[in-house]
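K.L.:
Read top to bottom, the protein sequences are chains A and B.
Quick note: the first sequence uses my numbering, first residue 23, plus one each step.
Quick note: the second sequence uses my numbering, first residue 23, plus one each step.
I should point out that these hints are in silico values taken from the structure, not numbers from a laboratory.
Values in this document were obtained by computation on a predicted structure and should not be read as measured data.
Which copy is meant is left open, so a pair is good if it fits within one copy or across any two.
In silico DSS-like links for lysine-lysine, alpha-carbon gap of 25 angstroms or less: (1) LYS239 <-> LYS210; (2) LYS676 <-> LYS57; (3) LYS124 <-> LYS683; (4) LYS676 <-> LYS394; (5) LYS683 <-> LYS57; (6) LYS82 <-> LYS210.
One letter stands for each residue in the lines below.
Number of protein chains: 2
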Amino acid sequence: MRAPDFATVRWESPMPTRRELANVLRVLAMDAVQKAGSGHAGAPMGMADIAEALWRGFLKYNPANPLWWDRDRFILSNGHACMLLYALLHLTGYAVSMEEIKNFRQLGCRLAGHPEHDPSIGIETTSGPLGQGLANSVGFALAEKMLAAHFNRPQLPIVDHYTYVFLGDGDLMEGVSHEACSLAGTLKLGKLIGFYDDNGISIDGEVKGWFADDTPKRFEAYGWHVQSIDGMDGEAVAGAIRAAQAETQRPSLICCRTVIGFGAPTKAGTSAAHSDPLGVEEVALAKQRLGWTAPPFEVPAALREAWNHESAGRAAEERWQELFGRYRGAYPDLAAQFERRMRRGLPETWQSMAQSAIAAARAETAVQATRKSSRAVLDVIGAQMPELFGGSADLTTSNETWHNAARVLTAEDASGDYLHYGVREFGMTAAMNGLALHGGFIPYGGTFLTFSDYARNAVRMAALMHQPVILIYSHDSIALGEDGPTHQPVEHLNSLRLVPNLTLWRPADALETAVAWCEAIEHAEGPTALALTRQGVPQLPRESLSAEGIRRGGYVLLDCAGVPECIVISTGSEVSIALAAVRTLQSRGRRVRLVSMPCTQRFDAQPAAWRDEVLPPAVSARVSVEAGSTGLWWRYVGSRGRVIGLDHYGASGKGPEVMRKFGFTAEHVQAVVEELAGG
Amino acid sequence: MRAPDFATVRWESPMPTRRELANVLRVLAMDAVQKAGSGHAGAPMGMADIAEALWRGFLKYNPANPLWWDRDRFILSNGHACMLLYALLHLTGYAVSMEEIKNFRQLGCRLAGHPEHDPSIGIETTSGPLGQGLANSVGFALAEKMLAAHFNRPQLPIVDHYTYVFLGDGDLMEGVSHEACSLAGTLKLGKLIGFYDDNGISIDGEVKGWFADDTPKRFEAYGWHVQSIDGMDGEAVAGAIRAAQAETQRPSLICCRTVIGFGAPTKAGTSAAHSDPLGVEEVALAKQRLGWTAPPFEVPAALREAWNHESAGRAAEERWQELFGRYRGAYPDLAAQFERRMRRGLPETWQSMAQSAIAAARAETAVQATRKSSRAVLDVIGAQMPELFGGSADLTTSNETWHNAARVLTAEDASGDYLHYGVREFGMTAAMNGLALHGGFIPYGGTFLTFSDYARNAVRMAALMHQPVILIYSHDSIALGEDGPTHQPVEHLNSLRLVPNLTLWRPADALETAVAWCEAIEHAEGPTALALTRQGVPQLPRESLSAEGIRRGGYVLLDCAGVPECIVISTGSEVSIALAAVRTLQSRGRRVRLVSMPCTQRFDAQPAAWRDEVLPPAVSARVSVEAGSTGLWWRYVGSRGRVIGLDHYGASGKGPEVMRKFGFTAEHVQAVVEELAGG
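Could you build all of it, start to finish, from the sequences and the hints given here?
P.N.:
In structure tokens:
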């Protein structure tokens, strides 16, 4: 690396240098972190020159319309460096004021300690949990490639943008970086360009003691185009971006050697620069070295002007609007579909599709695994919803995620709507988040319920960001049988129900499955998980109103005459077991009600009137039946109730034998009810 | 690859060929899967030649004493290939009968659908969740390297064995393979040797569509020694093992080109061979091609004899016992320590250490974060427990996992007892599982509670295998403040409590922290998680008996005179908030009891007498206070109770402001109690 040129003090000149422009980012990061009393200035100070080169020379965006569909996507995977992003947003003209910068990390301020998804101010994704921004970016780039393949027409490239992602050592140590980048290389996402902040430092110190990868070689092994440059040389960065853009087949990684906390006299290049304020004195000395004389939170006019992107951004979008206008003229139907999908509207035919799927499910009479009932829904809606994008983490036939009209997406042909994600649960889910965030897709993806563990933090991020991804979790209990305890979920149903803003459905038969799918499609404000059986389950008896009951998350499936002595509450494959028990009890004159509760969260959100009608407060003898952990069921059965579940691991053996061994039989349910309600 | 030589029919000769020996494995796998009606024969059939070369030519083991401390460790990371392992165990002379092989995958049989940790029959780890066996193997190899550095003396290498691991495409697609193998390369685990079953097939079909990595290059980038061979050529495998052993610095990956389902006439080389029985006809034809004429589950005597390893194994162990005898003579103290550690005994001084730690905690008066109280315990016990092996996923100072006597482990010096794992939560946890499984270590490792998500399935595997690993999860609530929702756990406390056989402690002050640590050390039968605060908490008032109460998981911290009108139950940092509320209420004449419940699971396991004394069934007005999701608390507060918690994400802001915003104040607790118990 060349000797550092901290600054060339020539603000009076009309054209500030790249370094001077980058220093604005450095100074704002230092000052904001200092004022907040916490935060991370080191990474912004190291990556400032990269940001300057990218944002001023290449990035396509319009600060006045952050939602412009064909903007380049910028992802900050090393989310702790968020002051870099906030400074960029402020300087380029987004609606981010200096007052907000001063309130960085304070309660109520949009400029949180890590970036929080808010596209209205240019924050494309929530990041901070390392590796996931990078994995999101693979989804963004895949979305772009697929939309371009589907919509673009000769001379009318309405979808044509890059996905740029900043990342650090931490992102690259995380396993999800492997899953996502291996997939990106395989899929030839040529318009994905990553900038690796290779500063040699992580929180514990110099990374060489724990991270000795030859990262360029690693990414070459994934089929990426890799460059290694001095990341503090704006010209070098610009050259590398041009080369990365010129490479249209392979995704690009630009390995940028940088100095964390560049400019800070004693802390630069050390882990002391990673987090916490640098200190008043260090900041003052750093400003001196950077040639900065303006007071805190003031940006000299020449620099401010050079950074402002409002008119250039407006012009860029205007060119695209003109293009899109011509496209609309030539291809009105496609244009309408594009607009609908980018606005997250459902197809006009959605209601009739949903009704068909539900009617078909209602007509089903065979014993059928709910994973197969799920496939039946896909067979109805898959062909008519181009935005539905499926896949599985290498369990396509097990998860039943394929459908009759599905076509496999390949590196060479991006017109498919189904991706074999490989054995990459975490990468798949984080990429699905990117697809949803980009817009234009409702992604669904499958794995076994147990392996939701692998993706758990990506599921959380989908929920935190309110993204409508659909998680297909088949093999949802010990009833899966011979594959044994490693594959048998126990705690997973309850554990997923605990994730705020994630909706979990565990349907009991084809009709509940179809309703759950429709609810998932219509739920635009968060992710939905569908827990589905491996084994066949019978179709339940249905009264005319039960589809509505299903939608409400919990409803009376089989009632008794008079006030119940006892209520049995069950979900999924255990409903038919509970039903057999309740029928026997009723035949013996017992007043027992059966409630099916496919979605506890949806039930909890109902008005008290509905909840009290289904579970009358006066009836305190209640028994829940679910082949999973007991923990959350006490809420529904109350102090006097009983929970039939299991708080230990399962066993390898034939499914029905395993279920019997652990008490999931009609006889056992019956015995528990009788014991509770009196013999 | 050379043209396949399916078999050379010369069983009558005294020396069967390698291929004939390998075919025994193939046939047993086919027959067992066929009889079970489910399972995976394809991978065993592809890897049989590798297994033959390794187990007959290199592996050091004594079937009569599967626990021999210096045995080579054999890990089957592609656990679905378990019939390969079971066949090997049976043939070489472990106590695994042909009857058991015939009962493969049946309820009650030890030969489960995926290998279940049972070292008494040579199953070193539970595998099946892909990538984790590989990551375990890194822990195994690290344990060997560290024990060798600590115990071996000139001419007396009592610790000197290899770790061999079989793995497939699925293992290599999983992100945890990146974390673990990058770490293994950095740490120069030269005695770790992996065999990659490169058969080009995963469940969804030919992997080239979703897994195009240049795997040799990828592993070279990690600093591994890599060879590529024909994995169906036993001689080539043997040669590669010799070369891998000759490379003492770098871990080795032997990429073995194989054919899944080798021998099966129509299914070999396709995903149809991955799982499910091949079918009666296909099995018959395969046996024909393999030159196999014996009836199912019968092994011709010459083959059986050639496979049997009992006398060779006994001789191998005898040589080591003789060596260890000389070692014991020369270094009796070290020998005793080695034996103690391998038997999982605690140091003789343990009780006095524990008492010191508890006494020091009891004497603490300052406001102190429980993560710092945890560090104080480590400072007491760290120097005196050589088996205690610490680390953090790049958050050492945040997690307070370092201690005064700790020394960093490096590639060059394996005498340290602290590892900077890097930003690799999943790899860290799975490697810790390997360390514990190997024996000789009590591993502890830290990350933020939120990022337990990343490691979740490894935590589950520790629990499933009953391994005593200690998980240090600091920053355990929204009170961490400015880092915001991505870093603020909400659902995690309850979600971890749901994992069967994982014990979660959330201590409220220094004393509870010290007791929790001691309980964790003494709990040899499963993992323990310690949820610790970032922020300072006051020391609670203590009566003489409360250490005993803490051990019981829940106890009365502050009682009132007479029968309580209301009981407040709290954990961790909220206990002091609840305490302030209860004191105010008591000062107003209200009869309110405060229960501290640092470990709900431990409390649940107490006799009813204790539970009813702490939470008298007659007192139904109960309020729980925990800055996490509400789900599990209904069990403790009952139908009439109130749960103060949060079922939504947190916010970025100063910790105390965030806590106030979401109702975690004494005033709010007080108001809820008053409302519940009557004004």
